[in-house]
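Visitor: Going down the list, the sequences are from chains A and B. Residue numbering for the first sequence is 24 to 401, as defined by the numbering used here. Residue numbering for the second sequence is 4 to 203, as defined by the numbering used here.
Hints in this document: simulated from the structure, not taken from any laboratory. As the structure is a prediction and not an experimental result, all values here were calculated from the model. There may be inaccurate statements among the hints.
Lysine-lysine pairs mimicking DSSO-like chemistry, simulated, CA-CA at most 27 Å apart [said to hold, decoys possible]: (1) Lys-198/A <-> Lys-250/A; (2) Lys-75/B <-> Lys-40/A; (3) Lys-97/B <-> Lys-329/A; (4) Lys-32/A <-> Lys-15/B; (5) Lys-15/B <-> Lys-83/A; (6) Lys-97/B <-> Lys-76/A; (7) Lys-76/A <-> Lys-32/A; (8) Lys-83/A <-> Lys-170/B; (9) Lys-59/A <-> Lys-170/B; (10) Lys-65/B <-> Lys-40/A; (11) Lys-41/A <-> Lys-135/B; (12) Lys-13/B <-> Lys-198/A; (13) Lys-41/A <-> Lys-13/B; (14) Lys-157/B <-> Lys-31/A; (15) Lys-170/B <-> Lys-98/A; (16) Lys-329/A <-> Lys-13/B; (17) Lys-40/A <-> Lys-97/B; (18) Lys-76/A <-> Lys-135/B; (19) Lys-15/B <-> Lys-157/B; (20) Lys-75/B <-> Lys-41/A; (21) Lys-59/A <-> Lys-75/B; (22) Lys-65/B <-> Lys-31/A; (23) Lys-83/A <-> Lys-65/B; (24) Lys-83/A <-> Lys-59/A; (25) Lys-98/A <-> Lys-135/B; (26) Lys-65/B <-> Lys-13/B.
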Amino acid sequence: MLMGQEDKKTTWNLIAKKLMGEASPEELQELERLLKNNPDLHYPMQMISDLWKSSAGPDKEEAETAFSRHLDRIKELNIEALSSEAAAQSDDPQAPKRSGRRLIVVLAGFIIASSILVAIFHGNSPHPGQALLAASSPVAATNEIHTTNGSRTHLTLPDGTLVWLNAGSTLSYPKNYNTTQREVSLTGEAFFDVAHNSRKPFLIHMPRIDIRVLGTSFNVKSYPTEKATETTLIHGSIEVSIKDRPNKKIILKPNEKLVVTEDEEALSTVPGRPLTAKVEPVVVIRKPTYERSAGVITETSWVDNKLAFQGETFGDLAKQMERWYGITIHFTDPGQEDLRFTGIFENETIRQALNDLKLTAAVNFNYSINGNEITIFK
Amino acid sequence: MPCHMIIASKIKDLQLRICRLDDQQAYKELYTSLYSFLFGFAKTIVQSRESAEEIVSDVFIKLWERRRDLEKIGNLKVYLYVATRNIAFNYLDKQKRNPTNSIDDVEGEFISIYFDPEQLLVTADMLALIQKAIDQLPPKCKMIFKLTKEDGLKYREVAEILNLSVKTVENQLAIALGKIGAAVSFDIQRTIPSSLKQCP
């Protein structure tokens with residue numbers, strides 16, 4: 024039976040709708056009926072379906088090189104707030120910041136020789152297996168993601184692990200991440216939601232500790248300007264090794280927080296009185312701070328774009344605000360740094376935030392704003 | 004669906020990060036995810052690789068300059084295609100003496116449609132036939148085939164981008180598939196040995 028022209032048109036129309044995923048159940052049935060009556064179309068339809076499904080996909084490499092040309096063009100055209108020169112900056116959080124929310128460009132594909140990776144892949148006595156690995160990547164190649172103060176970002180690692188990177192932080196991982204193992208290095212603060220893979224452990228290297236992930240989501244914080252490294256576990260379980268004490272491994276369970284610090288005073292529950300005079304780093308397990316009224320866990324609020332603090336000294340809070348807003352804060356009177364505050368900043372500008380603090384301060388203070396420099400005085 | 008096109012929720016996520024956080028990592032990811040699609044689209048209109056790349060760059064400059072308002076845009080992907088179309092046609096206007104805004108006037112030589120021969124399991128001859136059938140499609144038809152098959156856009160998205168009715172897009176795609184189908188059937192007719200053709 025030969026199909027009329029109208030029927031053919033209709034059939035192809037329905038085939039198109041089916042391939043587009045926009046055919047209603049009635050239309051699919053109609054298509055079945057029409058095809059049954061015209062077997063001549065079976066082969067072409069099959070061919071077109073196969074053709075439809077096969078696609079070469081976008082060339083990501085070409086897109087990346089085009090993007091760097093795009094950045095060059097922006098520089099030439101002198102468009103502000105997207106300078107690629109920012110990409111070459113060092114990640115010194117003490118460096119004075121420029122205008123408010125200037126952010127750093129990602130350096131995916133940035134090749135540096137990482138000492139950590141050299142230690143792993145070359146080692147002291149390379150085995151034949153390792154030599155193969157070294158041969159295929161003669162220069163240890165790493166991807167590095169860096170945020171300046173005032174910026175946060177989040178990314179997905181090749182294995183599907185989600186990482187939220189807080190301000191003033193650097194995350195790096197090797198180009199061959201997810202081949203035999205999953206290792207990253209971090210300074211600053213990040214929240215991880217680790218993709219499950221029991222055959223490939225997830226490892227995080229930080230200045231003072233290493234973390235091996237046995238579970239899923241947790242927050243780690245270790246800024247160079249701060250003395251304490253904190254790890255807060257939300258789901259799953261993680262094993263923490265302290266670099267100075269290789270034999271001591273601590274396994275955190277959900278809703279536990281580990282603080283590794285050289286600053287005993289920070290751990291003391293009584294402000295101003297240090298616990299003991301110790302030389303080695305002190306390790307304490309605590310409960311994460313839960314802000315009951317707002318229903319947030321202080322340590323991970325930043326992931327939801329909230330800066331939360333509980334009984335925080337003005338000095339410590341100022342450091343967090345510097346990173347959060349990309350500003351610098353000076354205290355004319357060091358005594359003011361001991362004032363304590365509890366609260367959450369969500370969409371407040373720096374001015375609103377400072378005014379909120381003024382309202383709740385036990386001892387009044389004043390501030391002045393000069394560009395990105397805030398001065399606190401009596 | 005073949006789709007290598009970035010999914011809607013991911014675009015939304017990048018959109019919000021660019022808007023609220025000035026997140027340059029997100030900006031770069033948006034660019035690299037959409038580049039080849041927007042570039043191909045621009046190239047079809049202006050018939051030049053360098054100009055096409057410049058046009059996409061212009062689109063993304065504008066996007067960055069207006070990032071504070073980005074949240075207001077419902078479908079960012081369509082928005083970027085439309086911006087690309089507008090800038091591309093503006094460019095054409097400057098080049099030619101007869102300004103145009105219709106995809107029909109576009110020469111359409113440069114529309115590249117990709118398929119992976121390994122996935123298709125067909126002979127080289129068949130592949131050539133398919134490619135020829137696609138090449139011979141009229142410009143509007145070919146563009147619609149590309150935007151739906153390659154770029155994974157929906158009927159109404161294509162309609163909005165090309166300033167056509169949804170019905171027109173549906174019909175044009177059906178015509179495209181019908182023509183490719185005809186080319187393919189013709190070939191199979193030729194290759195079946197005559198003795199087998201007798202079978203009911």
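Visitor: If you draw a straight line from the CA of Lys-59/A to the CA of Lys-75/B, is it 27 Å or shorter?
Guide: Distance ~48 Å between Lys-59/A and Lys-75/B Cα, so the pair is violated.
Visitor: For the pair supplied as a hint, Lys-65/B and Lys-13/B, confirm whether the alpha-carbon distance does not exceed 27 Å.
Guide: 21 Å, holds
Visitor: What's the verdict on Lys-76/A and Lys-32/A, does the C-alpha distance respect the 27 Å limit or exceed it?
Guide: With Cα atoms ~22 Å apart, Lys-76/A and Lys-32/A stay inside 27 Å; holds.
Visitor: Quick one, are Lys-59/A and Lys-170/B close enough, alpha carbons at most 27 Å?
Guide: 26 Å, holds
Visitor: Assess, step by step, whether the Cα of Lys-83/A is no farther than 27 Å from the Cα of Lys-59/A, and give holds or violated.
Guide: It is violated: about 42 Å lies between the C-alpha atoms, which goes past 27 Å.
Visitor: Is the hinted pair Lys-198/A and Lys-250/A satisfied, with a Cα-Cα distance of at most 27 Å?
Guide: 31 Å, violated
Visitor: Given the hint that Lys-83/A pairs with Lys-170/B, does the C-alpha gap stay at or below 27 Å?
Guide: 34 Å, violated
Visitor: Is the Cα-Cα distance between Lys-41/A and Lys-135/B 27 Å or less?
Guide: 24 Å, holds
Visitor: Within 27 Å, alpha carbon to alpha carbon, are Lys-157/B and Lys-31/A?
Guide: 23 Å, holds
Visitor: Are the Cα positions of Lys-329/A and Lys-13/B separated by 27 Å at most?
Guide: 22 Å, holds
Visitor: Mind checking the alpha carbons of Lys-40/A and Lys-97/B for me, to see if they're no more than 27 Å apart?
Guide: 38 Å, violated
Visitor: Is the Cα-Cα distance between Lys-13/B and Lys-198/A 27 Å or less?
Guide: Roughly 23 Å separates the two Cα atoms, so the pair holds.
Of the hints listed earlier, those the structure fails to meet are numbers 1, 2, 3, 4, 6, 8, 10, 15, 17, 20, 21, 22, 24, 25, in rising order.
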